[in-house]
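Chemist: Note that the protein sequences, when read in sequence, are chains A and B.
Just so we're aligned: 52 in the working numbering is position 52 of the first sequence, and the numbers increase by one with no gaps anywhere.
If you want the working numbering, it's the position in the second sequence, counting the first as 1, plus 1000.
It should be emphasised that the hints constitute simulated quantities derived from the structure, not laboratory data.
Where is the CB? At the ideal position from N, CA and C, for every residue including glycine.
Hints may be right or wrong, so weigh each one.
Among chain A residues calculated to face chain B with C-beta under 10 Å, some are [stated by the list, open to error]:
| id | residue |
| --- | --- |
| 1 | 6 |
| 2 | 27 |
| 3 | 28 |
| 4 | 31 |
| 5 | 33 |
| 6 | 44 |
| 7 | 49 |
| 8 | 92 |
| 9 | 94 |
| 10 | 103 |
| 11 | 106 |
| 12 | 107 |
Under the rule of at most 35 Å between Cα atoms (straight-line distance), these lysine-lysine pairs were calculated in the DSBU-like manner [said to hold, decoys possible]:
| id | chain 1 | residue 1 | chain 2 | residue 2 |
| --- | --- | --- | --- | --- |
| 13 | A | 19 | B | 1097 |
| 14 | A | 40 | B | 1081 |
| 15 | A | 18 | B | 1097 |
| 16 | A | 52 | B | 1097 |
| 17 | A | 22 | B | 1097 |
| 18 | B | 1057 | A | 41 |
| 19 | B | 1076 | A | 52 |
| 20 | A | 22 | B | 1068 |
| 21 | A | 18 | B | 1081 |
| 22 | B | 1057 | B | 1068 |
| 23 | B | 1068 | A | 40 |
| 24 | A | 22 | B | 1081 |
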Amino acid sequence: ETGVTQTPRHLVMGMTNKKSLKCEQHLGHNAMYWYKQSAKKPLELMFVYNFKEQTENNSVPSRFSPECPNSSHLFLHLHTLQPEDSALYLCASQEQGEGNQPQHFGDGTRLSIL
Amino acid sequence: GQNIDQPTEMTATEGAIVQINCTYQTSGFNGLFWYQQHAGEAPTFLSYNVLDGLEEKGRFSSFLSRSKGYSYLLLKELQMKDSASYLCAVRDPWDYKLSFGAGTTVTVRA
Chain A
1 ETGVTQTPRH LVMGMTNKKS LKCEQHLGHN AMYWYKQSAK KPLELMFVYN
51 FKEQTENNSV PSRFSPECPN SSHLFLHLHT LQPEDSALYL CASQEQGEGN
101 QPQHFGDGTR LSIL
Chain B
1001 GQNIDQPTEM TATEGAIVQI NCTYQTSGFN GLFWYQQHAG EAPTFLSYNV
1051 LDGLEEKGRF SSFLSRSKGY SYLLLKELQM KDSASYLCAV RDPWDYKLSF
1101 GAGTTVTVRA
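With the rest of the complex left out, here is chain A (with noise of 0.2 Å):
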């Protein structure tokens, strides 16, 4: 038990599909974050949410579209996604401000494009 559930694990879509992935965390933090990370390559920050505003946008397509209507909730709506975005999409949560306060991931979302 991580403190940072994911749904769904896995996801196989199709090009013109819209899909949601879903990210709760039971931490009470006051930051969330969406990571990209593919195989042998640093994991990639996507956006970033302190107190349910996004404060970090790192030159996202638009086709990712996050939403936090809450500081426990996190989704990333997907929509006409490109095979180069087959990944595994991970979300964390942090109480920043607090020093040494890790960030807690959850286990991921395997995403396949087809």
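Start from chain A and add chain B according to the hints.
Modeler: Then chain B, alone, in the frame of chain A:
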């Protein structure tokens, strides 16, 4: 930009010791984290260093030299369950974002 380097793969024998090095060149520094990630699972926090020196936690230790931009993670008395990917990450002092290395896959053999 941020540049964090670590070896791609390492192999060691059960019961042995393995040292995973991480070098970094970043625009700022507010601590270095090590995470362990088993295949198909979440990265889990192992250690944090912000001052120079060695931090020990059971079989795992982490070392930091800020002047050299260098850290290592030391795994002692290796067990089969230690086979995983180990991620090095540096935190930015202004926005607390983490910049990650590509990870080191450690394989423990019987």
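Chemist: Hints first: check each against the structure and report whether it holds.
Modeler: Here is how each hint holds up against the structure:
Proximity of residue 6 of chain A to chain B holds as hinted, the smallest CB-CB distance being about 8 Å (cut-off 10 Å). At about 12 Å, the closest approach between the beta carbon of residue 27 of chain A and any beta carbon in chain B exceeds 10 Å, and the interface hint on this residue is violated. The beta carbon of residue 28 of chain A comes no nearer than 17 Å to any beta carbon in chain B, farther than 10 Å, and the hint placing it at the interface is violated. Hint status for residue 31 of chain A relative to chain B: holds, with the closest Cβ pair at about 8 Å, below 10 Å.
Hint on residue 33 of chain A holds. Least Cβ distance to chain B is approximately 8 Å, under the 10 Å limit. The beta carbon of residue 44 of chain A is positioned within 10 Å of a beta carbon in chain B (closest approach about 8 Å), and the interface hint is therefore held. A cut of 10 Å between beta carbons decides the hint on residue 49 of chain A: the least distance to chain B is about 13 Å, and the hint is violated. Interface hint status for residue 92 of chain A: upheld, as the beta-carbon distance to the closest one in chain B is roughly 8 Å, under 10 Å.
Look at residue 94 of chain A: its Cβ gets to within about 7 Å of chain B, closer than 10 Å, so that hint holds up. Interface restraint check for residue 103 of chain A: the shortest CB-CB distance to chain B comes to about 6 Å, inside 10 Å, so the restraint holds. Restraint check, residue 106 of chain A versus chain B: the minimum CB separation of about 6 Å is within 10 Å; hint holds. Satisfaction of the interface hint for residue 107 of chain A is found here, the shortest Cβ-Cβ separation to chain B being roughly 5 Å, below the 10 Å cut-off.
Of the supplied pair hints, the one linking residue 19 of chain A and residue 1097 of chain B holds, its CA atoms being roughly 27 Å apart against a limit of 35 Å. Only pairs whose Cα atoms come within 35 Å are accepted, and residue 40 of chain A paired with residue 1081 of chain B is accepted, the gap being roughly 21 Å. For the hint pairing residue 18 of chain A with residue 1097 of chain B, the CA-to-CA distance comes to about 29 Å; that is within 35 Å, so the pair holds. Taken as a hint, the residue 52 of chain A and residue 1097 of chain B pair is honoured in the structure, with Cα atoms around 16 Å apart against an allowance of 35 Å.
The straight-line distance between the Cα atoms of residue 22 of chain A and residue 1097 of chain B is roughly 21 Å, inside the 35 Å bound, and the hint therefore holds. Simply put, residue 1057 of chain B and residue 41 of chain A have alpha-carbon atoms about 28 Å apart, close enough for the 35 Å limit, and the pair holds. A C-alpha spacing of about 41 Å is found between residue 1076 of chain B and residue 52 of chain A, which places the hinted pair above 35 Å, so the restraint is violated. This hinted pair does not check out: residue 22 of chain A and residue 1068 of chain B have alpha carbons roughly 40 Å apart, beyond 35 Å.
Taking the CA atoms of residue 18 of chain A and residue 1081 of chain B, the gap is about 38 Å. The hint is violated against a cut of 35 Å. Of the supplied pair hints, the one linking residue 1057 of chain B and residue 1068 of chain B holds, its CA atoms being roughly 23 Å apart against a limit of 35 Å. Between the alpha carbons of residue 1068 of chain B and residue 40 of chain A the distance comes to roughly 25 Å, so the proposed pair stays at or under 35 Å and holds. Restraint check for residue 22 of chain A and residue 1081 of chain B: the C-alpha separation of about 29 Å stays at or below 35 Å, so the hint holds.
In the structure shown, a violation is registered for the earlier hints numbered 2, 3, 7, 19, 20, 21, in ascending order.
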